[in-house]
Amino acid sequence: MKQMFGWTGKILRVDIGSGEITTEETSKYVPEYIGGKGIATRIAWNELKPGIGPYDPENMLMFMTGPFTGTLVPTSGRGSVCGISPRIYPTPWFTYGTMGGDWAAELKYAGFDAVIVKGNSPELVYLWINDGKVELLDAKEITGFDTFVTQHRLKEKHGNRAQVVCIGPAGENRVLWSTIQHRLSNSIGDAGLGAVMGAKNLKAIVIRGSGGVNIAKPEEFIKVCREKAEMIKGGATNYPHPTDLPYHAPIGPGNQQCSHGCPLGCGVLYKNIPAGLTVGSGTRNMMSHCEDYAFIEGEATTKYPPDDIKDIYNGDMYTRGTKAFGKSMGTELQALCEGLGLTSAFPINYYPWFWVCIDNGITEIKGVKLEPDDPNFWCDFMKKVSYREDEFGDIFAEDLMRAADELDLPPVVRKAANFQFPMWGQPAHRQGRAYESQPDPLWINTMLHWIIDSRDPMACHHQSSFIAGWFPPHDEGHGGTPDSNMERLKEAYKKAFGTAEGLEPGFDNIDGKTKLAVWQDNRAQIKDSLLICDWVFPAILRTFTSREKYIEAEDYYGDIDAEAKMLAPLTGLDIDTDFIDKAGERIRNLDRALHIRNYDRSRKIDSSGEWYYEYPEKSDGTKLDMKIFDAVLDSYYRFRGWDKETGHPTRATLENLDLKDVADELEKLGKLI
Amino acid sequence: MASKDISAAVQKSGRIIHNPDLCRGCRICEVACSAYHDGICSSHLSRIHVVPDDLALEFPAHSCKQCQYPSCYYACPKPDKSMSIDSKTGARYINEEECIKCGSCYRACPFTPSLVWVTEVDDKKRYYKCDLCRVREDGPICVEVCPRGALTYEQRGKSK
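Protein sequences appear in the order of chains S and D.
Heads up: the first sequence begins at 21 in this note's numbering, then just goes up one per residue.
Heads up: the second sequence begins at -17 in this note's numbering, then just goes up one per residue.
It cannot be assumed that every hint is accurate.
Per label pair, the in silico range of CB-to-CB distance [stated by the list, open to error]:
{"hint": "1", "chain 1": "D", "residue 1": "Glu126", "chain 2": "S", "residue 2": "Lys177", "range": "33 to 39 angstroms"}
{"hint": "2", "chain 1": "S", "residue 1": "Asn396", "chain 2": "D", "residue 2": "Arg118", "range": "30 to 36 angstroms"}
{"hint": "3", "chain 1": "D", "residue 1": "Gly131", "chain 2": "S", "residue 2": "Lys177", "range": "44 to 50 angstroms"}
{"hint": "4", "chain 1": "S", "residue 1": "Ser38", "chain 2": "D", "residue 2": "Leu4", "range": "33 to 39 angstroms"}
{"hint": "5", "chain 1": "S", "residue 1": "Asn676", "chain 2": "D", "residue 2": "Asp3", "range": "52 to 58 angstroms"}
{"hint": "6", "chain 1": "D", "residue 1": "Asp3", "chain 2": "S", "residue 2": "Lys22", "range": "42 to 48 angstroms"}
{"hint": "7", "chain 1": "D", "residue 1": "Leu4", "chain 2": "S", "residue 2": "Asn396", "range": "22 to 28 angstroms"}
{"hint": "8", "chain 1": "D", "residue 1": "Gln50", "chain 2": "S", "residue 2": "Lys22", "range": "46 to 52 angstroms"}
{"hint": "9", "chain 1": "D", "residue 1": "Glu126", "chain 2": "S", "residue 2": "Pro502", "range": "36 to 42 angstroms"}
{"hint": "10", "chain 1": "S", "residue 1": "Glu524", "chain 2": "D", "residue 2": "Asp3", "range": "19 to 25 angstroms"}
{"hint": "11", "chain 1": "D", "residue 1": "Thr101", "chain 2": "S", "residue 2": "Ser47", "range": "21 to 27 angstroms"}
{"hint": "12", "chain 1": "D", "residue 1": "Leu4", "chain 2": "S", "residue 2": "Lys22", "range": "52 to 58 angstroms"}
{"hint": "13", "chain 1": "D", "residue 1": "Val117", "chain 2": "S", "residue 2": "Lys22", "range": "29 to 35 angstroms"}
If we take Cβ atoms under 7 angstroms as the criterion, some of the chain S residues that face chain D in the derived model are [said to hold, decoys possible]:
{"hint": "14", "residue": "Thr91"}
{"hint": "15", "residue": "Lys291"}
{"hint": "16", "residue": "Asn292"}
{"hint": "17", "residue": "Phe599"}
To spell it out: a stretch of chain D is covered by chain S in this simulated footprint if at least three of its residues, at any positions, have a beta carbon under 8 angstroms from a beta carbon of chain S; those stretches are [as the list claims (entries may be wrong)]:
{"hint": "18", "region": "4 to 11"}
{"hint": "19", "region": "14 to 25"}
Keep in mind the hints are simulated off the structure, nothing from the lab.
Heads up, the beta-carbon is just placed ideally off N, CA and C, and yes, glycines get one too.
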């Protein structure tokens, strides 16, 4: 094998049904598909044929890294897991998740760019990867253990420097919203892939590596990585983000980076949480992010509709913010959740839904009294779900959409479930309008990402939230007026794109907005393939370490060429931003083709989330003329090179992205147009 | 036996100090160290090893303390040729061209784990340790890249 730079050069293939362990060369897939989600999508296209379900042995769980993983690139320690997810509603389909931590870097140091797990094992096993040596070992002794105890026991056996990704009881019991867990709170959560790991009977992957990632031009690479680390130094959300939430705090002893190689600190640490609930979570420490605060601070989502738009609200939909249980109890509930291996974002959607039940006269479900304001209710809820205990636990283990299908509910309560999980069975957050608003016109991008993606579009969502910080009312403390702040943002856009098109409010320039949405989505593929931080890349904006520095600064532009500038000296390949943009477009189109071939994805399916946008906007009560939805989608498809009627990529689009074989196969199936 | 001039060795060297209370285990120091010295990003080949316990939230790190009267130096069969002392920084460093890979320094290190590291390249042992980036103009790269100020460089003769 030729020595590679950036990539280790080998992909590990494990069939845990037969025990067969093989390797293949990464060079089959790179540089075209880059890594992470990109390579996984190509492998899925090649091998995951139509008709394969999430729990079938043919389904593959792909643990992916990218060329940046394990290197000096700032924020580069992330890894991705891809596969067919049972959580996607109504049709389980191929999707992806990304997470931080140290496992992805360790996997590369062990000599592998990815681990592709196929087959279902008859007994619970775990995979031990020790440099080139790979073994499947019996997991009998850790069966049923929570994710912390599992990590402790495996580290006792394989050394403290080994990195562990694992499932808890929830994953073992194929709970649809179970996680693949690592460290305290790094997880593949919303993707629903913990259940696939459970179906494969794979309790954990333990990794130890003493190798490294070769750099083609070390001196240049170190220099450019240092520059880019400086550019993002203010952190994901520090400045100019104006809020005072703990996870937006400047870097300090109380917070931690989420991944290997990250100079930021967006995770807030809790040490020695008082064991008030005595829930037996297996840890008294925790790292919290964003929605983990649902039960700590409360009001993780807001009330909808707010009082001032009640008159125009059409009466059949409402929701409320979560209740605050305080720092110790809230954190403890989170710890229990991470330990059981459930996605910790769940309270923001389940809490308001249970209240809708109560408000409509449903005070108990399957013999369990609904008491969402009592932390013990949530304790019971998580335990019952994780062990599929009683009918109650079993029903909600299938997640809210499928549970609502099972239960005999009044229409308003049934619809409220859909309001909380509006598309693809994914939890509502930042759809752009109604109760999860984004500033005008950013919401148009956000909406497009939701309807085009295979899950909640995290990578795009974080980028939008980042930019949203510049819009009123979030721009308080920016030191200027809303107009002058917007001027500064526009200047940065002009430096990035040569134009500030797409930032104007309203629908005057739909093309400007959809073009920006296409670019953002392409770059989201890149983020999940390289892999790097959702928040700070692509760096249209730089960040600052204090508000003063931010206000005094003259230039706010980051560097949207940063990815190419770091990838070129790392790999020694002739890579520029055009290559990056095209690779992003290729990955998105291949993902689209896969969903067309396997799941009949079409304009009709894209539009199935349209209903959500009929609800009046929270901030000003405006209602959307739904005709605009079609105009926006037409424009988006045009920039994508997709057919207006079907939403399928054309042959020219696919061939232009070196996907002729994909076009041929779609044509053979009659699905090209 | 000819007497040797070991005055340089007994002088206090510059050193890198790690503060585990500020460290959060991002390990950027490791990848920067190995990238600078070997053109590779690796925690094993780094001359500083951060061994975070992410569950206990403890973040210890191990790297050479650049001892006075360094045991590794006295143990080396080729002192000043293989195990050497840098006249500018005071760094105790291995001149890999002269090193006969006997492992004496590795075994002589008074710390556990040994702060001289060993790896195998093509079935041959290779020993390496922190050299305070002695030829790097801007000083130790790990100190420069640490985002939290958990690493500090105390220059030779400047300690209190």
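Results for each hint:
{"no.": "1", "hint": "Glu126/D <-> Lys177/S: 33 to 39 angstroms", "result": "holds (37 angstroms)"}
{"no.": "2", "hint": "Asn396/S <-> Arg118/D: 30 to 36 angstroms", "result": "violated (58 angstroms)"}
{"no.": "3", "hint": "Gly131/D <-> Lys177/S: 44 to 50 angstroms", "result": "violated (36 angstroms)"}
{"no.": "4", "hint": "Ser38/S <-> Leu4/D: 33 to 39 angstroms", "result": "violated (49 angstroms)"}
{"no.": "5", "hint": "Asn676/S <-> Asp3/D: 52 to 58 angstroms", "result": "holds (54 angstroms)"}
{"no.": "6", "hint": "Asp3/D <-> Lys22/S: 42 to 48 angstroms", "result": "holds (45 angstroms)"}
{"no.": "7", "hint": "Leu4/D <-> Asn396/S: 22 to 28 angstroms", "result": "violated (38 angstroms)"}
{"no.": "8", "hint": "Gln50/D <-> Lys22/S: 46 to 52 angstroms", "result": "holds (47 angstroms)"}
{"no.": "9", "hint": "Glu126/D <-> Pro502/S: 36 to 42 angstroms", "result": "holds (39 angstroms)"}
{"no.": "10", "hint": "Glu524/S <-> Asp3/D: 19 to 25 angstroms", "result": "violated (49 angstroms)"}
{"no.": "11", "hint": "Thr101/D <-> Ser47/S: 21 to 27 angstroms", "result": "holds (26 angstroms)"}
{"no.": "12", "hint": "Leu4/D <-> Lys22/S: 52 to 58 angstroms", "result": "violated (42 angstroms)"}
{"no.": "13", "hint": "Val117/D <-> Lys22/S: 29 to 35 angstroms", "result": "holds (32 angstroms)"}
{"no.": "14", "hint": "Thr91", "result": "holds (4 angstroms)"}
{"no.": "15", "hint": "Lys291", "result": "holds (6 angstroms)"}
{"no.": "16", "hint": "Asn292", "result": "violated (9 angstroms)"}
{"no.": "17", "hint": "Phe599", "result": "violated (22 angstroms)"}
{"no.": "18", "hint": "4 to 11", "result": "holds (count 6)"}
{"no.": "19", "hint": "14 to 25", "result": "holds (count 10)"}
The structure does not agree with the numbered hints 2, 3, 4, 7, 10, 12, 16, 17 stated previously, though it agrees with the rest.
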